[in-house]
Amino acid sequence: MSILTVMMLICVIGAGMLFFIPTAKTVLVKQISLAISILVALIGIYLVGSLDKTQSGMQFVEIRNWIPTFGINYSVGVDGISAVLILMSVLLVPIVLLATWNESENGRWSVRTFQILVLILEVFMIGVFAATDLFLFYVFFEAMLIPVYFLIAGYGSGERAAAAVKFLLYSLFGGLLMLAAIIGTYVIAGNQIGKTFDIEKLSTLQIDQTTQNLLFLGFFLAFAIKAPLWPFHTWLPDAARSATTGTSVLLVGVLDKVGTYGMIKFCLKLFPEASRYFTPWIIGLALVSIIYGAIVAIGQKDIRGLIAFTSISHFGFITMGIFAMTTQGMSGANLYMFNHAFSTAALFLIAGWMIARRKSANIADFGGLQRVTPVMAWSFFIAGLSSLALPGLASFVSEFLVLVGTFTRYPVAAVIGTIGIILAALYILIPVQRALHGQTLKSNENLSDLDIRERVAIAPVILLIILLGLFPKPILDLINPAAKTVITSNGFSDPVSKVKK
Amino acid sequence: MLTTPSFEYLLLSPMLIILAAAVIGVLAEAFLDRNHLPVIQLFISVGAILLALIQIYRIKSSSSTSAAIGSVVIDKATIYLQGTILIIGLLALLLISDQEQFVAQASAIPGSREEQESTSKGSIQTEIYPLLSFALAGMMLFTCASDLITLFVALEVFSLPLYLLAGLSRRRRLLSQEAALKYFLLGAYSSAFFLFGAAFLYGISGSVYLVDISSAVSGGYGNDVFVLIGLIFISVGLLFKISAVPFHAWTPDVYQGAPTSVTAFMAAATKVAAFGAILRIFYVVFSPIANQWRPIISVIAIITMVFGSAVAIAQRDVKRMLAYSSIAHAGFILTAVLALNKSGLSAALFYLTTYGLSTLAAFGIITLIRDATGEVTDLNKWAGLGKKSPLIAGSFAFLLLSFAGIPLTSGFIGKFAIFSAAYETGNIAVVVFGVLSSALAAFFYIRVILLMFVAQSQNDSISIAIPSVKSRIAIGATTAATVILGLFPSLLLNITQSFSIFIK
Numbered sequence: 000m001s002i003l004t005v006m007m008l009i010c011v012i013g014a015g016m017l018f019f020i021p022t023a024k025t026v027l028v029k030q031i032s033l034a035i036s037i038l039v040a041l042i043g044i045y046l047v048g049s050l051d052k053t054q055s056g057m058q059f060v061e062i063r064n065w066i067p068t069f070g071i072n073y074s075v076g077v078d079g080i081s082a083v084l085i086l087m088s089v090l091l092v093p094i095v096l097l098a099t100w101n102e103s104e105n106g107r108w109s110v111r112t113f114q115i116l117v118l119i120l121e122v123f124m125i126g127v128f129a130a131t132d133l134f135l136f137y138v139f140f141e142a143m144l145i146p147v148y149f150l151i152a153g154y155g156s157g158e159r160a161a162a163a164v165k166f167l168l169y170s171l172f173g174g175l176l177m178l179a180a181i182i183g184t185y186v187i188a189g190n191q192i193g194k195t196f197d198i199e200k201l202s203t204l205q206i207d208q209t210t211q212n213l214l215f216l217g218f219f220l221a222f223a224i225k226a227p228l229w230p231f232h233t234w235l236p237d238a239a240r241s242a243t244t245g246t247s248v249l250l251v252g253v254l255d256k257v258g259t260y261g262m263i264k265f266c267l268k269l270f271p272e273a274s275r276y277f278t279p280w281i282i283g284l285a286l287v288s289i290i291y292g293a294i295v296a297i298g299q300k301d302i303r304g305l306i307a308f309t310s311i312s313h314f315g316f317i318t319m320g321i322f323a324m325t326t327q328g329m330s331g332a333n334l335y336m337f338n339h340a341f342s343t344a345a346l347f348l349i350a351g352w353m354i355a356r357r358k359s360a361n362i363a364d365f366g367g368l369q370r371v372t373p374v375m376a377w378s379f380f381i382a383g384l385s386s387l388a389l390p391g392l393a394s395f396v397s398e399f400l401v402l403v404g405t406f407t408r409y410p411v412a413a414v415i416g417t418i419g420i421i422l423a424a425l426y427i428l429i430p431v432q433r434a435l436h437g438q439t440l441k442s443n444e445n446l447s448d449l450d451i452r453e454r455v456a457i458a459p460v461i462l463l464i465i466l467l468g469l470f471p472k473p474i475l476d477l478i479n480p481a482a483k484t485v486i487t488s489n490g491f492s493d494p495v496s497k498v499k500k
Numbered sequence: 000m001l002t003t004p005s006f007e008y009l010l011l012s013p014m015l016i017i018l019a020a021a022v023i024g025v026l027a028e029a030f031l032d033r034n035h036l037p038v039i040q041l042f043i044s045v046g047a048i049l050l051a052l053i054q055i056y057r058i059k060s061s062s063s064t065s066a067a068i069g070s071v072v073i074d075k076a077t078i079y080l081q082g083t084i085l086i087i088g089l090l091a092l093l094l095i096s097d098q099e100q101f102v103a104q105a106s107a108i109p110g111s112r113e114e115q116e117s118t119s120k121g122s123i124q125t126e127i128y129p130l131l132s133f134a135l136a137g138m139m140l141f142t143c144a145s146d147l148i149t150l151f152v153a154l155e156v157f158s159l160p161l162y163l164l165a166g167l168s169r170r171r172r173l174l175s176q177e178a179a180l181k182y183f184l185l186g187a188y189s190s191a192f193f194l195f196g197a198a199f200l201y202g203i204s205g206s207v208y209l210v211d212i213s214s215a216v217s218g219g220y221g222n223d224v225f226v227l228i229g230l231i232f233i234s235v236g237l238l239f240k241i242s243a244v245p246f247h248a249w250t251p252d253v254y255q256g257a258p259t260s261v262t263a264f265m266a267a268a269t270k271v272a273a274f275g276a277i278l279r280i281f282y283v284v285f286s287p288i289a290n291q292w293r294p295i296i297s298v299i300a301i302i303t304m305v306f307g308s309a310v311a312i313a314q315r316d317v318k319r320m321l322a323y324s325s326i327a328h329a330g331f332i333l334t335a336v337l338a339l340n341k342s343g344l345s346a347a348l349f350y351l352t353t354y355g356l357s358t359l360a361a362f363g364i365i366t367l368i369r370d371a372t373g374e375v376t377d378l379n380k381w382a383g384l385g386k387k388s389p390l391i392a393g394s395f396a397f398l399l400l401s402f403a404g405i406p407l408t409s410g411f412i413g414k415f416a417i418f419s420a421a422y423e424t425g426n427i428a429v430v431v432f433g434v435l436s437s438a439l440a441a442f443f444y445i446r447v448i449l450l451m452f453v454a455q456s457q458n459d460s461i462s463i464a465i466p467s468v469k470s471r472i473a474i475g476a477t478t479a480a481t482v483i484l485g486l487f488p489s490l491l492l493n494i495t496q497s498f499s500i501f502i503k
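Residue numbers (numbering that gives the first Met the number 0), protein chains in the order written: chain E, 0 to 500; chain V, 0 to 503.
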């Protein structure tokens, strides 16, 4: 049995255990789910540590027949790209559980239900990045929506029901378009090489350009909604505003990455010619996302809305890196996914604590927090600086790689992309100035700083942001071989520099 | 020289057993003590169904075209369909035998003193059991009829009891009777259309046997226009039964008016039987001229899927909503008819079974949600159900997710199987529309889930009845099937694969 399956099984068993604990024992429930998620995180670290970096193929592979009639297998495995994303997911879950220890208590349902939903979500998050069977991927991709939907609708605030439905319908719509494309691919495979959903085998299909373009669009739309790219983004700010902090972290940090991951794993791999055909358009969309997300973020009054729109801008960068079709761009995009998860998680978590203390999400209601709550303010500041890609912090390396990778092929796009960096300084520094610096408002005088639990939860995130800013190599070493394979095996090559010495 | 007509009683025995049970039930009604009748009738019906299932198992690998002097074809697909109908019948019977849904005395005028008297006496209309048996026998015959006359007789044998059953609701009797009348009148029209089409087919082929019609159609002699007229009118009769748009108008009214357990049976079993016949006719008889009818059926399938899903959004009554959802599902299964290949047939068989079981479970759960006046089907009153009974509401939510085709439910596997089969034969437009209307359909399923779990309950008048053992078995088994077939569809897919064979 693959270690990936073990990780998923532990979560399933954990969720099953919680089911038998009386609802009233909330502390016990929380402790168990935290323990389980830490255990899975440790296994995740071990998984990444024991990955053979010299090999670019799939590792920790497990293949079992699931529905032989359709050639569907339960098959999992990881390469550098997916291993890093799994690491990201399993690290975030315990952090989220610890950081939002009390959030589940004000929900519509019991704390136990919340913890079970999170653990089930963790199963799907691992599964979606580990699946090497297209059908299995789709199953995880869609099944993930259900726990998130209940997490938003049951434990969120404000217009939570509407936000949950909007999230679900957008994702379902995209998912079903992808299903049509999956069926198309499956039928073509049935005619050419026999019924299979194995991604490696599917990538050998000979598909004519028109069909490929249509199938590509089916996949891409689903991923663009998930990621989300402009103009499919409108569900994200609503969801982020209404969900609990923890849900927002998992939603933006992990679920949305499935979109960009899918572009790499499926759009590029299965439909290389179509990818090439649509690249200019996608780069265009990515640029609009970068600029639009940044500009709208500047105007946000709600601090969670702000973070959501900055993420839209960041997803623009990631998508641009992917479709630049250079190894640097690809590596940068993958590293970006990892870094973005942690800097956004930090922003969301601290914003959540600020909101819980101040009982308001309005940026204007804060002010002078630096003096009253120095630890909270500093953590937010560092996370914010990472979000605007300050050199020395994690996001800088990835954003730089993306821009360099894009510049070698699409110089104009890269130049326009840099405007996003300037805007990022605005959308981070303006709220930082308003909320953290300046005069302490009267209403904020009595706010309390982070307690021990919160400090323990946020410390590893901040640490990771700083460490990866200084030494991105360990993660890049994992990503690079896989990223190179993605580029070369799909028939792309890095453009040769035209400048001569 | 005289030859003995071949009957092959063994192959006919499942149907004969059910028919015999129906007749015995009628006799019991006439001669036995009314006080014991409910138990006796239930015993007869359940016993007959179990016997018939055993017979089905015994003949599972036989096939014959000459049973009942060639009026009946027993092949793999027939045996599978008959088995499915029997299992659905058995589970529906468990729901139906929870008596309080049925009128005490059907002949009494609604609101009259006579009605009050019989209600207070606690008398029970036990004719529902033989009626159900007749319907079951008719449905079984419908799936294997190989000539137009038998097909028509079977159609009537299963329709007439259903018309009656629809009118037997204990509460809101006028609504129930109106539903029965509507069903009957429209059903009569559709039968007339069917006969009209049958006459044309007889006209061009000179025979009522499907085999002869098939060779006449593929031979190309006769008049193409007449073939098409015959085909279209026969289809109208059949499409009415599966409630495809534009022949669906009866569905919401009847589903709403009929006693809920009868609705459950109708929704599940009628679809199996009617699609059995449709599949046979299109796969066996009309497949040579697929080019002529495929556009028509494609359009009907698309309209049915989109219309059913779109109109369901506006429904405020849970039974009406499920009625429109069943219309949408009819469209999905029609997609499998278009596929015209073995995987299409297998997919249709799988879908019919899983959909039938989920539908039974869903309607079974509806029978449990009550207030002082009986079942509550107004969706607004369902608000907050998740708090009252997480298990029941959770099961219902799961069934709705299965209807919506979310992965890890049997509904998803069914949809995938059907759409991939249709795609194989190049009906890509239908697949795209099907997928899009799935997204549309998800909207109203999710709205109900939201209502149950998230909305604040406005009143506390509704309660959840403690299910009897029989209901518990029926609802539990069908819900479990939806879960298990979602996780391990191969259990059933292997069976449908090996049983998806029509012979001429």
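Hints are computed from structural coordinates only; laboratory data are not their basis. Note that CB positions come from ideal geometry on N, CA and C, so glycine has one too. Be a bit skeptical, because a hint or two may be false.
[Unchecked claim] Straight-line alpha carbon distances no greater than 30 Å define the calculated DSS-like cross-link-like pairs of lysine-lysine that follow:
1) 52/E x 441/E
2) 165/E x 341/V
3) 52/E x 165/E
4) 387/V x 194/E
5) 341/V x 194/E
6) 75/V x 165/E
[Stated by the list, open to error] Residues of chain V placed beyond 10 Å of chain E at every Cβ, according to the derived structure:
7) 103
8) 110
9) 121
10) 203
11) 205
12) 235
13) 416
14) 427
15) 430
To see whether the hints hold, each was checked on the structure:
1. Our distance criterion of 30 Å between C-alpha atoms is broken by residue 52/E and residue 441/E, whose separation comes to about 55 Å.
2. At roughly 39 Å between alpha-carbon atoms, residue 165/E and residue 341/V are farther apart than 30 Å, so this suggested pair is violated.
3. Simply put, residue 52/E and residue 165/E have alpha-carbon atoms about 41 Å apart, too far for the 30 Å limit, and the pair is violated.
4. The suggested pairing of residue 387/V with residue 194/E is violated, with an alpha-carbon distance near 46 Å, which exceeds 30 Å.
5. With a CA separation close to 15 Å, the supplied pair residue 341/V and residue 194/E stays within the 30 Å bound.
6. Pair hint residue 75/V plus residue 165/E does not hold up; C-alpha atoms about 45 Å apart against a cutoff of 30 Å.
7. A cut-off of 10 Å between C-beta atoms confirms that residue 103/V is not in contact with chain E; the least separation is 42 Å.
8. With a closest Cβ-Cβ approach of about 41 Å to chain E, residue 110/V is found to remain outside the 10 Å limit, as its non-interface label requires.
9. The non-interface label for residue 121/V is consistent with chain E: the shortest C-beta to C-beta separation is roughly 41 Å, beyond 10 Å.
10. For residue 203/V, the shortest C-beta to C-beta distance to chain E comes to about 36 Å, beyond the 10 Å cut-off, and the non-interface label holds.
11. With a minimum CB-CB distance of about 41 Å to chain E, residue 205/V clears the 10 Å threshold, and the non-interface call stands.
12. The Cβ of residue 235/V sits about 30 Å from the closest Cβ of chain E, beyond the 10 Å cut-off, so the non-interface label holds.
13. Interface exclusion of residue 416/V from chain E breaks down, the closest Cβ pair being 7 Å apart, not more than 10 Å.
14. Not every Cβ of chain E is farther than 10 Å from the Cβ of residue 427/V; the closest lies at roughly 7 Å, contradicting the non-interface assignment.
15. Chain E draws residue 430/V into its interface by the beta-carbon criterion, the shortest separation being 6 Å against a cut-off of 10 Å.
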